[in-house]
Amino acid sequence: MKRAALVVLMSALVFTAACKKKVPVAVAAPVVNNDPGPVKTTVQPPVLISVPRIDSFTAEPARVERGQSITLRWATTNAETVTLDQGVGTVAANGTRQLFPTGSTTYVLIARNGTMSDTRTVTVDVTAPPPITNTPPPVSEDTAATIKRLTDELQKQDIYFDYDMAEFREDARRALNTDADLLKRIFALDQRVNFVIEGHADERGSAEYNLGLADRRAIVTRDALVQLGVPANRLRTISFGEEAPVCQDANEACWQRNRRAHLSQAQ
Amino acid sequence: MKPSYILLVTALAALSLPFLTAQQQGRIEDKIVGYGTTRIALPDFRAKGAAQPLMATFNETVWNDLADSGILEILPKTSYPLEVPQSPADFRPPVNGQKSGMWLTDWSNAPVNTNYLGIGYIDVNGTDMVLRGSLLNVGLADVKTASMFANNPYFGPVTEDGARKIAHEYAADILKNLNATSLAGTKIYFVSNRTGQTEIWSMDFDGQNQQQMTRHGSITKMPTISPDGRLAAYATMQNSRWEIRVIDTETRRQQAFVTPATSTITTPEFSPDGKKLWFSMVINDSPLQIVRTNVNGGGLERVSQARAIELSARVNPKTGTEVVFISDRNRHQQLYKMNLDGTGIEMLTAGDGDVSNPAWSPDGRQVTFAWNRGFDPGNFNIFVMNVAKRELVQLTHGNGTNENPYWAPDGVHIVYSNRHGNSTQIYSMLANGQRVKQLTSTGNNVQPVWAAKIN
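Chains A and B supply the protein sequences, listed in that same order. Heads up: the first sequence begins at 1 in our numbering, then just goes up one per residue. Heads up: the second sequence begins at 268 in our numbering, then just goes up one per residue.
Because the hints were derived from the structure by calculation, they are not lab data. Where hints are given, some of them may not hold.
[As the list claims (entries may be wrong)] Covered stretches of chain B (chain A as the covering partner; in silico rule of three or more C-beta atoms under 8 Å from a C-beta of chain A):
1. 393–406
2. 486–498
3. 554–566
4. 620–629
5. 696–703
All values reported here derive from a predicted model rather than from experimental measurement. Note that the Cβ used here is the ideal one computed from N, Cα and C, for glycine as well.
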């Protein structure tokens, strides 16, 4: 797997970086006070610079899903300035910071004092929300044509609702049975394809509430399809509220066409 | 009763609202907009020479500006004395208790009964005209103390525009002297589809200077503005998921905000201290539930715990502890109130029809909202409720659907959207339902919010 390789590579980088940095610090420290200066008339007072040191630098947790937060925690000694990269900038000598990484990220903490510095890195592994498919084989042209025919048929079979309701009528139950059957056939033919269940509402309730109502329609539709044997992990829901009507007139025939759950192929 | 009251009250009585008598209702509206407390008499100003044909424009402009402020009752001209002064110098104090000419009591006593009097005259000087305008508090004993300002000069060209300019300046000085909160510099943010995409726009309080704020090219709605006017948050559909975005209102640069993982989000709103964002979202297949986060999306807290759609949580800007929201827990969407932690839930509306879009008045006493009681589904009208007393006033009466009311920072005006036929536009009005003004006309425009001036 690619991710595993990435993690190994990151760990290796972190390891080598940590090794490289420690050596020059250990060597450089004595050099500063190593001025013999025996013949001068005026004596320069020795400039004592303490060696900056990062005592600890951790990320908690080290692995999150995208959208979740992590907390960086660090402690330093003898640092004049402490900086954190990834756009954070100067931070306190000892502190914590809550961050929301959008992808796997290596954070670099640098403690400086004069020309000397200590650097540590910590890597956070950010995973995407669980993927639905795992790279199945592509389908043949014949199968693709069949899938297209079944999908077209599916798109004509919306599930309709009464005003301000998310309960199924008899006609909706018939449509659900047809849709479940079509979905199962499509899923059996192609392992890669997934579907989004869109919830829609007519224009009459408030636009804000209609997002909630249409969401409920999408969720009950998904639950019913799963009851009828459609695999849940290949369905996702989204609410359009009243924002994507198929019909614009202000009459019941039109409103009814808009109060629906609609299935569309996921991108 | 003044004629304007009678008209209003008659109109309301005809609709026979169940909660209050028409008289009670009239009194509440008066309190909201400050009528009955501050009265001004505004006789027509006169001019010489070339300015004469412009006086109708001038007088109308001053009258409209003062009426639009919503804090003054302008007394009808039919009650004014026949002799009208043009400057404080025209008054003659009584001698030994006997009238010796025009005097302040001509205005402070019946039948005028005014608190304030605006007078002046216009001269022409070459291509310029000069207004000498005064404002008097006629309840005081002598002309000097009564004169809040006397013969202030205002200059403009002898044109219609010039007449409007000096009229606006004079009216602004009157309002400033009467401590009116100015709306100048406040902005209204709203949603428009005029480009073919649904995006967030902004405009000045009077509808001027309309500007596009977002360019997401998807569905982008429900703006909310931080109390200091600097940040805008809104919901946008991105990759088949609803997300919240936060931008700087001046630079339009996107700020850090990570939307909690969910499919659907609605009604974001900043808390009165600007530190939290309240909104509703789907949590593990729940119906929309009220939550709040920090303004970067972290620190998610669930507030409502109901098997119902709950949304539009609005925190009282004065107390910071009371929250109104919409829930369909009793089947119909109604207005409720609760504490910050979700306890102490009380239903505020009567249980019938559908309620939506509550918004607090700046003083934290009134909530305005849309309600379709007595009308067909979707036919909303604007109401105002005094939350402590549960007193209710209906501000719009049919004429299409009226939704998304939002209070202006002056506490006197309300902005809302009206749909009539296939066109939805944004209007402002006084919080007593009067002086309705259309602010938009291109495309369809919805969900206005009135933001404070940035200091």
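Checked hints:
no.	hint	verdict
1	393–406	violated (count 0)
2	486–498	holds (count 3)
3	554–566	holds (count 5)
4	620–629	holds (count 3)
5	696–703	violated (count 0)
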